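Number of protein chains: 2
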Amino acid sequence: MKIARILEKDLPITSPGANAMVNFAGLTTSAVAVVSDTIQDGKTLVGYGFGSIGRWSVGGMLRERFIPRLMAADPADLQDEAGQIDPFACWDVAMRNEKPGGHGDRASALGALDMALWDLRAKAAGVPLYRLLADMYRDGEADEEVPVYAAGGYYQPGFGQSALQDELKGYLDLGYREVKIKIGGAPLAEDMKRIEAAIAVLGDGSRLAVDANGRFDLETALSYGRAMRDYGLRWYEEPGDPLDFRLMAVLAEEHDGPLATGENIFSSQDARNLLRYGGMRADRDFVQFDCGLAYGLPDYLKVLETMRQHGWSPRRLHPHGGHQMSLHLAAGLGLGGNESYPGVFQPLGGFADTSKVENGRVRLPDVPGVGLELKSELKSWLEGAFAV
Amino acid sequence: MKIARILEKDLPITSPGANAMVNFAGLTTSAVAVVSDTIQDGKTLVGYGFGSIGRWSVGGMLRERFIPRLMAADPADLQDEAGQIDPFACWDVAMRNEKPGGHGDRASALGALDMALWDLRAKAAGVPLYRLLADMYRDGEADEEVPVYAAGGYYQPGFGQSALQDELKGYLDLGYREVKIKIGGAPLAEDMKRIEAAIAVLGDGSRLAVDANGRFDLETALSYGRAMRDYGLRWYEEPGDPLDFRLMAVLAEEHDGPLATGENIFSSQDARNLLRYGGMRADRDFVQFDCGLAYGLPDYLKVLETMRQHGWSPRRLHPHGGHQMSLHLAAGLGLGGNESYPGVFQPLGGFADTSKVENGRVRLPDVPGVGLELKSELKSWLEGAFAV
Chain A
1 MKIARILEKD LPITSPGANA MVNFAGLTTS AVAVVSDTIQ DGKTLVGYGF
51 GSIGRWSVGG MLRERFIPRL MAADPADLQD EAGQIDPFAC WDVAMRNEKP
101 GGHGDRASAL GALDMALWDL RAKAAGVPLY RLLADMYRDG EADEEVPVYA
151 AGGYYQPGFG QSALQDELKG YLDLGYREVK IKIGGAPLAE DMKRIEAAIA
201 VLGDGSRLAV DANGRFDLET ALSYGRAMRD YGLRWYEEPG DPLDFRLMAV
251 LAEEHDGPLA TGENIFSSQD ARNLLRYGGM RADRDFVQFD CGLAYGLPDY
301 LKVLETMRQH GWSPRRLHPH GGHQMSLHLA AGLGLGGNES YPGVFQPLGG
351 FADTSKVENG RVRLPDVPGV GLELKSELKS WLEGAFAV
Chain B
1 MKIARILEKD LPITSPGANA MVNFAGLTTS AVAVVSDTIQ DGKTLVGYGF
51 GSIGRWSVGG MLRERFIPRL MAADPADLQD EAGQIDPFAC WDVAMRNEKP
101 GGHGDRASAL GALDMALWDL RAKAAGVPLY RLLADMYRDG EADEEVPVYA
151 AGGYYQPGFG QSALQDELKG YLDLGYREVK IKIGGAPLAE DMKRIEAAIA
201 VLGDGSRLAV DANGRFDLET ALSYGRAMRD YGLRWYEEPG DPLDFRLMAV
251 LAEEHDGPLA TGENIFSSQD ARNLLRYGGM RADRDFVQFD CGLAYGLPDY
301 LKVLETMRQH GWSPRRLHPH GGHQMSLHLA AGLGLGGNES YPGVFQPLGG
351 FADTSKVENG RVRLPDVPGV GLELKSELKS WLEGAFAV
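Residue numbers (our numbering), protein chains in the order written: chain A, 1 to 388; chain B, 1 to 388.
Simulated from the structure, these hints should not be mistaken for lab results.
For identical chains, the list gives no copy identity; a pair is met inside one copy or between any two copies.
Listed below are the simulated SDA-like cross-link pairs for lysine to any residue, each with C-alpha atoms no more than 25 Å apart in a straight line:
| # | residue 1 | residue 2 |
| --- | --- | --- |
| 1 | K99 | F159 |
| 2 | K99 | R276 |
| 3 | K9 | T28 |
| 4 | K302 | T220 |
| 5 | K193 | G170 |
| 6 | K99 | P347 |
| 7 | K356 | R131 |
| 8 | K99 | Q346 |
| 9 | K99 | P187 |
| 10 | K193 | S162 |
| 11 | K9 | G26 |
| 12 | K43 | A385 |
| 13 | K9 | L27 |
| 14 | K99 | A249 |
| 15 | K302 | R315 |
| 16 | K356 | E144 |
| 17 | K9 | E64 |
| 18 | K9 | M95 |
| 19 | K99 | Y155 |
| 20 | K99 | G158 |
| 21 | K356 | S380 |
| 22 | K99 | Q269 |
| 23 | K302 | L218 |
| 24 | K2 | A387 |
| 25 | K302 | Y277 |
| 26 | K99 | G225 |
| 27 | K302 | L222 |
| 28 | K302 | Q269 |
| 29 | K302 | A249 |
| 30 | K302 | P100 |
It should be emphasised that the depicted structure is a prediction, and the values quoted were computed from it without experimental measurement.
Based on the provided sequences and hints, a complete structural model is requested.
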């Protein structure tokens, strides 16, 4: 099998309001189609991917750095021994002549490309990606369902506590058991009222995670930790700047409850630094690296190996981003769960249209590939954007 | 003064061959023109900038993230109290709604935009940028000349030791006293012969720096350190991955000679981590952060403040990139010196056409702004690309 061409286009994403740091108006992500030279079941075999959520307008790097390297390569250099397109070989070629360090926006561009390559690879094998990964890395043992939590609770103008409670009730009605809300966009006392309003709906603080989106300095992070101590929350996410490992280490000594971070850590090198220096505790804390923002699966496997070296179970990894690629990684590699955006970031938010959340868990459809086509709105967009 | 429009375009850069990690064929950088609404001396006042060397195809981020935020802002929000366009205010507006962490390619896009804003700001004040910076941060005390070293010694096919010696002699003829060559692209024994060939030309190892461009693992980094111990080199640069702070810390305990790194550290947060965890020694080592790759001057000033907190003199900072912006920072803020690419990366490499290197030092022309127009080839390109 050979790559016939690779297409990319910006995919508009609907705005979910704001978190403590960011207003998402005008957000897009890079969508990629890797078109093969192979017809399967009467149709050209195509892999689709996108770059997760939070970095955008990176198409130039795809068009001028990553894609040309793949298209210029000897096709044999992109194949495995069975003649299939090999995402690992493609990754190495795409990253040729990239300088080390500085892992930011290009990591999202490569994440989109890598997702499309894995979608193609699993479609060629005729299996869902999570099955392929379980065969490759867990002797075939896949998780048949994955714990997911609903990420919402954004700050929106005129959106008070009763609206927040209505939003969370909606998630429970959809089958979720655990939810996450934003903190740090309002004064501490008001945020505590938001938390209490949320717990009143959920019944127990252990079903509520809170996310400061990297906003706090050390003093504020400690203050919030103290104020939230008795709620018994699921986790306290991104208290400070994602690269302020010392803040995290100091907080971890002061705050007994679970901490979480990692969505803005975009490489295995940065993830290793978080584990080396962040003082996080393998018995209770969570990491949330997102392959769609962080170079895709080949680098993610390095992250998992680094976690193992540092004594961390893969179950402590709950990827950010709420996309199907991470859901496959969770099921196939045995991660702890996955984020979900049931109401926001459409058409990417949520999983396959047929995937129902039951008792806080979701099963993956038995369809080859990653399954972006199982979201009808996304399928329409992909087929319109990439007339293959 | 108001910003009338902001233009950006990819500027092709000639290839210098390869270092240990990267072949530079097809390299570009983002050039930016910030066009004011003001006529000065009969011409529209325009600031020019570019994004240094090593990350490219980032124009989409300028067009869709940073520039629209500036153009949508109330002009008063971009001005200082005197009504001048304020690069700090512009920086804050451009970075609105950017997520924290993941400092990579966007840092280069913003570096280009920030350079153009400072060029405009200094032109509006009618002074060279280094004078403006010296007035702002050093009570007017500027360095009248800046130590520079010639960065070359790339690996090129068929380019042996005598060709390397000829190249270095050329730098000495141009007025340089110190040079840097690449290591790590050949076996250790061959690299040592390159080093000895270079020292034979320079007369003394203290005039030669070597650069591994982040290629080595710890064991190789230590081996090279041992092999080079008796040469008394100027510095040993980027031995390992730029984010492998532990490698650097272990090497710093084993290797007595000066170490250097930082060109692939793209933010004040990452620079702080290098100083916190890299084990580098404020009495002998060097850092090489490049504002053109790292968000421009506002974040660079945070880096300098972090260095001060950690006991580092600004004289230990020798910026990467060989561009005029860093030369102004060196002269205006009292850094230790600046890299120079006399033979490569044209039309950006080197300083003003009239700037002669004498005894390893260069003086800055007394012309308002950064002075990109003082390189005739670059001036032609800018005027063609941005028909203002």
